[in-house]
Amino acid sequence: EIEAGGDAAINAYAREFVTATFGAEAAAAIERTIVHPWGTDPLAMGSYSAARVGKAAARTTLATPLDNRLYFAGEAISMTAHSALHGAYLTAQSAATSIVEHLGATLTPVVIPVGHSAMETD
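Everything in the sequence shown is counted per this note's numbering, starting at 1 for the first residue and increasing by one.
Wrong hints could be hidden among the right ones.
Each pair of labels, with its calculated beta carbon distance range [claimed, not checked]: (1) Phe-22 <-> Thr-97: 30 to 38 Å; (2) Thr-108 <-> Thr-21: 38 to 46 Å; (3) Ala-92 <-> Ala-27: 20 to 28 Å; (4) Phe-22 <-> Ser-47: 40 to 48 Å; (5) Ala-51 <-> Ala-12: 30 to 38 Å; (6) Arg-15 <-> Arg-52: 21 to 29 Å; (7) Ala-29 <-> Leu-70: 30 to 38 Å; (8) Thr-60 <-> Leu-103: 30 to 38 Å; (9) Leu-62 <-> Leu-107: 21 to 29 Å; (10) Gly-74 <-> Ala-105: 22 to 30 Å; (11) Thr-21 <-> Met-79: 23 to 31 Å; (12) Ala-24 <-> Ala-44: 29 to 37 Å; (13) Ala-105 <-> Ser-47: 34 to 42 Å; (14) Leu-66 <-> Ala-9: 22 to 30 Å.
I should point out that these hints are in silico values taken from the structure, not numbers from a laboratory. Since the structure is predicted, the reported quantities are computational estimates derived from the model, not experimental observations. Glycine included, each C-beta is placed from N, C-alpha and C at the ideal position.
Given these sequences and hints, build the entire structure.
What follows is the structure in structure tokens.
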């Protein structure tokens with residue numbers, strides 16, 4: 001429904017959510033947004049991942065990097081938050097950490113607000 005309102009409506013909704021969840025200062029810090037018409041994309045049609053019965057462990061296989069050169073992230077490989085945006089976020093954070101560690105660099109951790117129940121570790 002919200003997608004029909006266009007990018008402006010989606011951005012307004014997202015900013016309201018961020019304000020309600022993290023406060024006005026966090027919402028004011030948003031500099032740029034990217035909106036994708038997920039529900040009308042002919043290649044996705046609003047879909048999300050689902051494992052076949054007994055095959056959820058395949059997500060671990062999908063998450064395994066290839067030769068430490070190709071890393072995967074996305075809600076489809078999340079064991080605890082598949083089919084959800086925060087599953088994509090957490091797996092991307094994990095992949096980025098693995099890449100940084102593989103390169104021998106250091107990473108400044110991202111601080112998740114205390115009490116934000118949707119942000120569980122993957």
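#### Entry: Hint numbers not upheld by this structure, sorted from lowest to highest
1, 2, 4, 6, 8 and 14
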